[in-house]
Each structure stands twice: as structure tokens, then as C-alpha cells.
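> Residues per chain are reported as follows:
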Amino acid sequence: MRLPCPYCGQRDSREFVYRGDAAPTRPSSEEGMYDYVYLRDNVPGPMREHWYHAQGCRNWITVTRDTRTHRISAAVLAREDSR
Amino acid sequence: MSRLSFGGLIDRAQPLNFTFDGMKHAGFAGDTLASALIANGVKLVGRSFKYHRPRGILTAGSEEPNALVTLRSGARAEPNTRATTVQLFEGLEAKSQNRWPTLSVDVMALNQVFAPILVAGFYYKTFMWPAKYWEKLYEPIIRRAAGLGQLSMEPDPDSYERAHGFCDLLVIGAGPSGLIAAVTAARAGLRVIIADGDWVLGGRLCSERHVINEAAAGKWVDDTVAELRATPNVTLLSRTQIFGAYDGCEYGALEQVSDHLGNIPPGKSRQRFWKIIAGRTILATGAIERPLVFGGNDKPGVMTASAAATYVNRFAAVPGRRAVVFTTTDSGWSAAEDLMSAGVQLAAVVDPRTDSQPPAAARLRQAGIEILSGAALTDVHGRTVRSVDVLLKDGSRRRISADLVLMSGGWNPSIGLGSNLGDRPVWSDLVHSFVLNTAPPGMKATGAAAGHFSLSGSLADGVRAAEETLRELGRTSAVAPAPLAGDEPSASSPPWYSRGHRSKAFVDFQNDVTDADVSLAAREGFVSIEHLKRYTTLGMATDQGKTSQLNGHAVLAAATGKSIAEAGTIMSRPPYLPVAIGALAGHHQNTAFRPERRTASHEWARERGATFVDAGLWKRAQWFAHPGERDWLQTVSREVSMTRSGVGICDVSTLGKIDVHGPDAGILLDRLYINMFSTLPVGRARYGVMLREDGFVMDDGTTARLGEDRFYVTTTTLNAAKIMQHIDYARQVLWPELDVQATSVTEQWSTYSVAGPLSRPLLQMLLPDLDLSNDSFAFMAAIELRWRNLPARLSRLSFSGELAYEISVPASHGEMLVRALFTAGDAFHAVPYGTEALGVMRIEKGHPAGNEINGQTTAADLAMGRMMSKKKDYIGRAMAERPALSDTNRPSLVGVRPLGGARLRAGAHLLPQGRDPLAANDQGYITSAAYSPSRGQWIGLALLQGGAARHGELVTVHDPVRGPDFAAEICDPVFVDPEGVRVRG
Amino acid sequence: MDSDYRLTERPGLGMATIMARKGIQPAVIGAVLGFLPPDGPERAADARLALIGTGPGTWLALAETPEADWVTQLANKLNGLASVSDQSGSYVVLRIAGSGARETLQRGVFIDLHPAVFRSGSAATTVIEHIGVVLWQLDDVPTFEIATFRSFASNIRHWFELAAAS
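Residue numbers (this note's numbering), protein chains in the order written: chain A, 1 to 83; chain B, 1001 to 1985; chain C, 2001 to 2166.
So here's chain A without its partners, still in its complex pose (with noise of 0.2 angstroms):
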């Protein structure tokens, strides 16, 4: 699988670490902490999902990536991700 790293390019996914669901927010209290900890969506289809690009610039990406096909939709910069 090839991961489209916004400033590398396109780079082999085993450059990476994959994290997760990029959806859940960490709340500032108690409150949402157990889900934010530990409970997930499975979805069938688009996902945004976490990747760190150990080997190569180290930064966190937000991929949009469908968990049928496996085709990637779009990758940007976790920091620059909007909510």
C-alpha cells in the first residue's frame, strides 16, 4: 500500500506508523475520557485515520482511506486537519 505523505510524495505505507481513527477529540476533562480511551467506530467505508511518518518527515498525517476498497482519497497534515 502506498500512503501519499504531503511533503514526502508518495512513500511505501511500512515508512509509517499507523495510529487509528483520527475522529475522536480528546476532551479537556473527565467527562468522554472511557470513550475517547477506548471506543471506536468500525465503519465500512471513508475513514480518516492517523499515520506517522517515522522514516521520513516524522509528521503526523490525516488520510482518508476507504476500509472496502482501500482507496485513499485524500492525505493532509495532521496539524493542518480542520474539524
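A few of these clues could be false.
Simulated pairs of lysine to any residue, SDA-like, Cα-Cα distance not exceeding 25 angstroms [what the hints assert, rightly or not]:
#, chain 1, residue 1, chain 2, residue 2
1, B, K1619, C, I2131
2, B, K1562, B, W1427
3, B, K1619, A, Q55
4, B, K1275, C, V2117
5, B, K1870, B, F1696
6, B, K1275, A, G9
7, C, K2022, B, L1706
Okay, the calculated bits of chain B under chain A, using three or more residues with CB under 8 angstroms as the criterion [claimed, not checked]:
#, stretch
8, 1236-1248
9, 1720-1734
Hints listed in this document are in silico derivations from the structure and should not be mistaken for laboratory results. From the three backbone atoms N, C-alpha and C, an ideal C-beta is built for every residue, glycine too.
Since chain A is already given, all that's left is putting chains B and C on it; use the hints.
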């Protein structure tokens, strides 16, 4: 000998000697092992998997299910090699498989007596009772009987390489449509990679007799290949099999670099594993001929019609003297003509079709060959083919003598790669087979792989595919039309099989699946295509059903009344052909399996006699044995004693080190650590603990503040990468509004721990201008300085519990520093110590390390609850306060002292005294154990239920694998200098 | 396969990581250093200093003949604009030059090194056989340089030996 004296793509000036089952034979350069065997009249090449029936060569390609041999001997022996694709070389050694004691006398053929029991799925219904015989009887028998071929069990002596390819267009297959597509795209300037598994290019043009542009087709192939080789933007890979399509337009391919050489030159690799990224892909993989299903269709002497034509046309090898041709296709007739021109007697051509016949029929009738239309071959007689039974149109039966049967049941486009990514093929009534409907992104099938079976159709389709590709890539270019070729008839009928047969009729040759097995499966309810495959094992052998899948579908369709189109077909999974694991591993074998990381002191440590241990990818000195020392325990105890009484030096460079800089660096660290760091004064270091968001301890380390906005974070060796990733996640994703930068400097600094009462005077010798007195450079001080005009760092940190320092210089000069330390250290009898002594000392001081920070412990468990700040939020704070994680009855860190001098071992469990060793009574376990020279006994750290309140209590240490139970006392985990006086001195 | 190339080590370089502070554009850093740092994975240089783009707002700086306190001077110059970390000990830099350099490197890296897409001034941070490398092209000989972490360097050298043998 059955070799024609002229013709074929073999070189009669280069004879080659080879052996098969110990018998010497001769062939020519250009032969495959199979063609050479045929030319030598060898009919029997193996025994079938289940029934051990004698088998011959069925095909001339990589779809071969029968002629599996073990190639070569010794460490390079390769089982299950298809004789049909092995390029013959001088001295080739091959042996047949799955027979004992010999191929012609195989004791296991007795299996045929048990045939009625050994039907499909028999292992689901047998070997059940009596159950007690399973382990000792049934399993050993099954293991001995199962499997095809045997591994040599010796290490692979060959080397394998990796290569990477990038192209605008990948053409898979160098037959007519592939070649024309590649050359069309190349002329338009595209970067093209074209790959074919054979060493001679041209595909079907090597096996059939065709005319292109009014000359023999071979000339067109040679001219096109020459043009491709001469074009700089083209990479032409022969002997290269594309074995899989993967996400991201990535393709895996295996190039057989040296397999065809008898002896591989030293240093040259045997095979090359290609990873190719293709903008577009053209699947020009051709089509595979279907066998027909009739009684005895697996006997030596029965082969596909195109195979027989290939042996005659390409290899000038004649597979028999008198042939019956049984065909439902027009191409079968062409094969009959090819054999006739090679001098084979045609006993009859049997074609069940009653409608129009191809022009070849008239030519054969004119030559006096008997044509039987509307007829069907039902059974074959003889151990190898001797005669056949034919059921005529009028219902009568005839026996015809022959030693060769050609069968042609239709053509299956070879679309396996096209379904690798989940695209299910669809039925085509036009070609009576499955074709691609959707395909992996960027891929299109062409030529016979797309159902265009005539040569002119195939060539035109290749041009069309190339034109489409150019359009898609925005490259408009004038495109030459396809060359002139014949539009030979290519009709066939739907998959057909014989119903009136009396002997076993095979569908899957390699797994010995008969049409009766398929019908049985249907009767037992396995009516889905996917169930049929798994229940009967049809299509599950090493040939992945290339010659069996469709026929199985046909039999199933008849049994269930559901059409093949409705039932669908299974999908193909990579690899398309077997790939050696060594090829995938490449250089990553033995000691090169993973990279090895060495510190700057490695050479020096080796000189000093260090024994090394793996810490992640690093090699670290474990201990430095002196000659005459009895064992590692004596060495390590000496290192500990001498450090605690004098001075010891240890390389601690492998710990993770991260520069965290910026105006908000302190704030970020406050949010990552359980304790405060923004308040840390410049020039000081502090021990910190990081939690995971679920409240469990993730890592610990000391962080120093070297400037207002400059922090120097350290981590454990094994978590260095994880913490770097964590810090980057925090500053880029969680809190991007903070102005903080972080970069790994693990490799920048060589760091040595200098520990012991004499550490101060030793360092003073190295740093004469620095005031190292306790008042000026107190415990936990951290500064930057220069040493021999190099940037350096010095801190007073202690993992050992002694007065200790850590001194760092750039790793390029790390060896210089360690040598200087020991030169200065001579006067103090400084001792080098390794990871074992380091471990003993930290256990003596009760410091948690990886054994305790195991992902299941909280800060409170490790007696660090008081470090958890209540003034700020940090990762893990909320979840660490969950009631279950604050429960004081959780296993918590304690010290363990055995009574009576017993030896403690990590992993031993702790039970209340007098209770049975049951899980219900288990109260904890020993996480770390060491022999303490300071205390003269074995000591340990443990996690014990409610341990903090149980100091003084006696428990039973239970370690039944390694010794008898004994008693131990629970105590404070700090065994040496509990007041912490030495570090502060 | 063309395997004609020379492999040499480049010791003694001054190296540092420069990471722009929040809101600081490359042009601002360029004004201080005297030339514009590259915006993407490329190499820009003047007579004394080279900058390789390794990430957004992040550069690997290389100095041919660094003075003893080169990094401190650089950090002072960029005070308030960027964070600077000494990496002079971190890396081993190898130079690979010759007609076979590109093909040889292509066997190790899984990014397209074709001259149409990777040319003089191009750079990339990627892996050779699981080992991280920073790679850049200096000229059309072609001459490449790769920087790899010191502890991994012997593995990279070994890879070149195997690549040359086959």
C-alpha cells in the same frame, strides 16, 4: 527417442546431459525438463497426491498439475518444481515425488484400494473413533502420507536480491498482445516495464504456427523484442513472473536470475524480488486450455492439445506415435494438424459438436483421417494410454487403439492477478469462461486474457489497450496499426464433460478430485462455489486450480441445476506461482535478519573482553569477564562491588534522547509527565514518568533543563522510538497551538555513567576547570560544557544509587571519551560494568525498569503515586483515577528476601503460606531478581497484592518448573542505602 | 546493470537540525542565513552551508568546515526564529558518485529515482532495507549523498558491499 531432426526453438549444436530418477538422458539447449523427458520417451513422471496413480505430463506451461519434481539435490533441492517450466541445463538432476520405493512400483498405490473411503471430505468423517488413538496413530500416519515433495531441511545457501521498478505502464506477459501494447506505448515515450515468465518471449507464437506480416511469426517477435531492448525507456524482464497485485498499484514479481545455471557464480544472486509501482497495467497473460473430464483422463499419455502442439512446434519433441484428438474447440483441430505434420498418426478426431466445423476438418478428412462428430471419448485403457472408448452419435461404442490422447475443452482467460484485490470475474457466454468485469485500479486485460482468442483479434486488442492507456495518461501520439495476421477460427462450446464413463474421471489432477467427488459434495449440501473448493480441496493445490476450477464449476452446475454464470467463481490470491521465502527475505537472513546498532564504545568494549547482549536492535556490553572467573555471576558481582566501593563506568548511550525546544516546551512536558517540568530550573534535571492515556505507566526517564526553552528528555532504550512518536503526536495533533519543536538526538550523544564514591575525583581529572564539589554541582545538576574543545553535557544522575555522573560528547568522539575515562580511571581502579551489573544495582535500589513498567502497572503500583501532580492535566490523569486503578489491593511493588539463602528467579509466583498452588491463591509474582553482593544474598522486586501494607510478612515462593517452594519475606524494595545518602554526597 | 560508482565517506561535517518556530516562514530564516531554505524535500546551499528539507519547517543543516562552536553560532543567529539541535555526531554521510550510482541506489530505496523526477537538488528522507536515510543529489554525474544514523552505518556499508557483488 522422439525428437524431430529439424525445427523447433532448440539448439541441436548444444546437447545437454541430465538425470531423472537416476537415469541418464540427453536434451538440447532450449528444452524444458518436460520437453526433454518427452523427447526421451519418458511417460511416467510422478504419482498423484491421494491415490498415487501414475501420472504423466499434462501441459506445457506453469499451470502443470502433474509433473512436479524435486529439482537438484542437497541444500539446493527444490520440491514441487513444475518440469514444464524448468529450463534444461547441463547436469540437471531431477527426481519424481510422492512415491516409495520407486516411481514405477509405488507401495502407496494401495490407497486406490481404499478409494471408496478416500472420497472428498473423508477426513471429516474418519479418524474419529477411537479418539484415544489420535495422537499416537492417526496423526503420524496422516503426516507421513500428506504433502507433496520434501524439503532438504538444510539452510538455503543461495542469496537473493531486491529491486524496485517504476513505470507508466506495466505489461504482464510478452505474447502477441503484450508485445504490441508494450512497443506501441514505448514508441510514444512512456516508461514501460514488460515481464514474462519464460526465457523466450512471444507467448503462444512460440508454440503455434502463425504468419505475421507474411513471414513466420517468429520474425515479428524477434524484431519487436529487439526494438524494445534498444529503447531506453523500456525495461524488459524475461524469466520474471508477476505474482501478485497489491494496493497502491504495486506489483510483486520474481525474477529467476540464476535458476537456469547449473552453478551460480559466487556473489551472484539466485533470484530477484521486484516491487513495481505502475501507473497503468496491461494484463496480457493469455489463456489456459481446459482439460476434458472423462474416464482415465489423468493417465500418462493424456495431455492438452495445445501442450502436444507446443512440444512438437517449439521443442521438436513428439509425445506419442498414434493420437486420438478429443476436442470441443477449433484450436484442438489446429493442434491435430500440427501433430500430423510432425509425423504423428491421427487415429481419429472426436468432436462432440454437431454444428459447423473449422476448415481444418475438411483438410483432415481429405488426408484420410477419421472424423467422429457428435461423439465423445468416455474411457482410457492401459496403465499408460493403450486404447480409448468412444461413444458415437448413434449410441454405439468403439474402441480405438492409441498411445496419445489430446484433449481440448475450451480456453480460460488467465485473469488470476485481476481478482487479487477482490474484483470478482463474471461469466461470458461468448467465450464460455470467466472474464474480468472490474479490475484493480489502472489494470485492463487484453488479448486472450480478455477473451480475444484469434491472433489478429489479440494483436488488435493489444493496440487498443495501448491507445487507451496513452489517452488516460494524456499522451497523444500517432499509433501504428496492428500487423497483419490470420483470423483463425476460435470457437468453442460451453464446458462439457463426459457422463457415460466407467472409470475415474478427474477434475483436479493435483489434489485427486474426481467428478464423483464434486457430485458428492453437492449431494451433501456444499453447493456454493467457495464451499465446493474447501470441501473437496478442488483448486487448493499448488496449481491453484488453473486446470480444474472451471470443470469443477461445470460438474457442480449440472448437479445443482444452477448455471455457472449464477454460481460465479472463486478469486485468486497471490502468489500466482510459488515464491521462495528466501526471495522475499532478501538480505535479511541469519545475522543480517535485522540491522545491528553499535555504540561508539563497541570496539573498545570488545577489546576489553565484553560479552554483548541484544537490547532492541542495539548490542550492549553485558559484562566484562576477567580470565579465571568462574562464571558470569562472579564477574557481575565483582563489577557491582567495585563500583559501589570505588568507581565503575557504563555506556548508557542507547537510552532515547530527545531535544524538546521552544517557548512552550515546558508546558508540553507538563502535559506528558505526571509531575511538573515547566517549573524545573535551568541547570537541573528531574526524574519523570509518562502515562498512557488509559492511566498505565508508559515510560520513565530523566529530563534536564539546559535553557529557558531547551529541555533534554531521556527515555528507556526500548521505548525511544515510541516516546518520540508520542511527543510528536502531542505537539502536532493534540496541541498544535503550542510553539514547541522536538527532534531525536539519541545518535548525537555518547553517554557514559560514572558511578561510585571515587567518581568525583575521576571526573575532576578529566574536567580540571570545573568545580565538582557538592555545593557547586549538587545532585540532579545538569549543564553544558566543553571537553577537549568538543560540546559536552554533564549531569549528576544516579541509577545505581551511588554518587554518580553522566557525561556525554558527540558520538563521533564517543570512543575517545571512553578511552580517556579509563586512562584517568587507572589511578582509581575504575571498572567497566555492563547491563547485568547495571541491573543488579538498580534492583538493589528498588528502581522500576522494563520488568515493572510492563504496561499493566500504574504509578501508584510502583510507589510513585505521590509524584502525580494535582495541579495540572496530563495524559492519563483522568483514567488513572478510575476506582479499579486506585485500589490499594492491586499488585504493588515490594522487595522480596528469600529465607535460607535460596535463589530467587523472576517469574516465580507468590502465595500465602500454607495455601495450595492454585490460581485462586496466586497473589503476585517476582518481576526482577538478582544476586546482591551488597547484601550477600539473592533479592527481588515483585508485584504483590496490597504489597505496600505487607512488609514483614512471610510468603511462599512457588516456581515449580525450576525448583521446590521456599519461604521469603516481603520488605521495602530499597535494599541498599535506603536513606539515599550516597547520591547526595 | 551498471554498477560503476565510487563510495566515499565524508567525515568532519558540521550537522544540525533546524526547526522553525510557530508562525516563522522559511523566508524569515532565509533572510538571516543569506539564502532561502527549501520549501519541500530539496537541497539549497551557499558556499558554507547546505540545507536539506526533511519536513515542513524542518531542515538538516550541513557545514563543510565548521568552527568549534558552529552550532552555538547558528542557534544564536536563529534565536527566536527556530530551534537548533546539534547533530554533528548523529550521522555518517556517504557520497556515491558514478554512472551506476542511480541504479545501485534504486535497488535499495523504494522511491522513484528516475532523472525525470529525481534530479540535482532533489532530496528525500526514506529507508534502505529498513534503515532510515536522508538522500540528496548534488550533480548530474550523478553524485548522491546519504546521511544515516551513526549506529546503523555499518549495515548500510554492508548493503553497498552486497549490491556491488551481485
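> Hint by hint, say whether it matches the structure.
Now for the hints, and whether the structure bears them out:
no. : hint              : verdict
1   : B:K1619 x C:I2131 : holds, 16 angstroms
2   : B:K1562 x B:W1427 : holds, 13 angstroms
3   : B:K1619 x A:Q55   : holds, 22 angstroms
4   : B:K1275 x C:V2117 : holds, 18 angstroms
5   : B:K1870 x B:F1696 : holds, 17 angstroms
6   : B:K1275 x A:G9    : holds, 18 angstroms
7   : C:K2022 x B:L1706 : holds, 21 angstroms
8   : 1236-1248         : holds (count 3)
9   : 1720-1734         : holds (count 8)
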